[in-house]
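K.L.:
Kindly produce the complete structure, drawing on both the sequences and the hints.
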Amino acid sequence: MGARQFALVAAALCLTAAVGAPAIAAASTRATTPTNVERPADSVATPATARQMQQVTPDTVVLDVSVYENGTARWEVVYRTRLDDPETTAAFRSYKSDIENNSQRYSQQFVGRMNSTIRSAEESAGRAMTGSNYSVRAEIREFPQRYGLVVYSFRWDGFAETSGGEIRVGDSLSGLILNEKTRLLVKWPEDYEATTIEPEPDSGYEKREQAVVWSGPLEFAGNEPRIVLTTPGTGWFDPPEGLPWGLLALAVGGLGVLALAGGGWWLYRSRENESSEPADQPPEDLLSNEERVLRLLERRGGRVKQKAVVDELGWTEAKTSQVVGSLREQGKIESFRLGRENVLALATEQQES
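The numbering used here puts the sequence shown at residues 983 to 1335.
Hints are computed from structural coordinates only; laboratory data are not their basis.
Glycine included, C-beta positions come from ideal geometry on N, C-alpha and C.
Hints are not guaranteed to be accurate.
[Unchecked claim] Derived DSSO-like pairs: lysine-lysine, alpha-carbon spacing no greater than 30 Å straight-line: (1) K1301 with K1289; (2) K1287 with K1314; (3) K1163 with K1287.
[To be verified] Beta-carbon label-pair distances, calculated as ranges: (4) K1289 with S1145: 41 to 47 Å; (5) G1108 with D1293: 41 to 47 Å; (6) A1110 with K1189: 29 to 35 Å; (7) R1123 with G1284: 20 to 26 Å; (8) R1123 with K1189: 22 to 28 Å; (9) S1308 with E1201: 22 to 28 Å.
P.N.:
Here it is as structure tokens:
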């Protein structure tokens, strides 16, 4: 691939200009393909720093949004770049050191752009919004490939609309455009379930427990994305007149005992499953499609039917075939027929390693 330099700061600044305001949504096409780097206004870049910040695009961008019950959201904009050669790794380590020594220098323009974006969303949605708790960090992780991560995080008050026992997410992001490298991940509280998720295209969309993921390329309509969250059971029971309350109390008590027993079993199973998972595994949301297939193979002992990949990852057969084909070309997996089924297996040398 050759050495690549880093302009992740510029990528973040371009991206935030595109979020939350339909009038400038088209700018997000440039979000992960920056060509010009904006240096912090109060700094003079050294030649080495300037080289680090030239013409780079991250391999993956994850917009990680955690929505809370009061409509506030915790945002993380995560930029991942493969560190697959010594020069790139050295450049990122130097860049990481610069961020650790002066994080404010690398976040001040992001703060300004994001606050401007929030003001635009505030005017469009017609409710009060503010941004706070801005920070930036850089780190190196193994996924299992080595990646450099730059993570911008902040708190967005008023991000979602709350009324009538519902949380309505999306008007702050209307018209957002995701390119092929970008994912939008929205998570919500455990006590809520999604009654509406739009859009639900054949590809690029994935619903998970308490979360939904849209993967680019994808252009949302003016009223999308849209998620409506409600508390399960709200308003479901209106007791009729003359109901024998003693009998009802007895029935509810019996259900409580059953729920307690079932909860204990579930907790036991959950802890058992958690204990079998490696503690240092990265979250699924930060894995590429290829890495998710490799992780699934590793969990299944190095061999799995292709149909199981479709079912477990919630992909279409076409998307699964494309990812499998890419892994096969890279020599990371092998495939063979077993009856009418296509079976995937980790490559021999990878299993031995």
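K.L.:
For K1163 and K1287, compute the direct alpha-carbon distance and say whether it is at most 30 Å.
P.N.:
27 Å, holds
K.L.:
Regarding A1110 and K1189, is the given constraint of 29 to 35 Å on their beta-carbon distance met?
P.N.:
30 Å, holds
K.L.:
Between R1123 and G1284, does the beta-carbon spacing fit 20 to 26 Å?
P.N.:
23 Å, holds
K.L.:
Looking only at beta-carbon atoms, does the pair R1123, K1189 fall within the given range of 22 to 28 Å?
P.N.:
26 Å, holds
K.L.:
Under the criterion that the straight-line Cα-Cα distance not exceed 30 Å, is the pair K1301, K1289 satisfied?
P.N.:
12 Å, holds
K.L.:
Does 41 to 47 Å hold as the CB distance between G1108 and D1293, or does it fail?
P.N.:
Cβ of G1108 to Cβ of D1293: about 43 Å, so the range 41 to 47 Å holds.
K.L.:
Tell me if the beta carbons of K1289 and S1145 are separated by a distance inside 41 to 47 Å.
P.N.:
43 Å, holds
K.L.:
Within 22 to 28 Å or not, the Cβ separation of S1308 and E1201?
P.N.:
24 Å Cβ-Cβ, so the 22 to 28 Å window holds.
K.L.:
Against the 30 Å threshold, does the CA-CA distance of K1287 and K1314 hold or violate the hint?
P.N.:
16 Å, holds
The structure agrees with every numbered hint stated previously.
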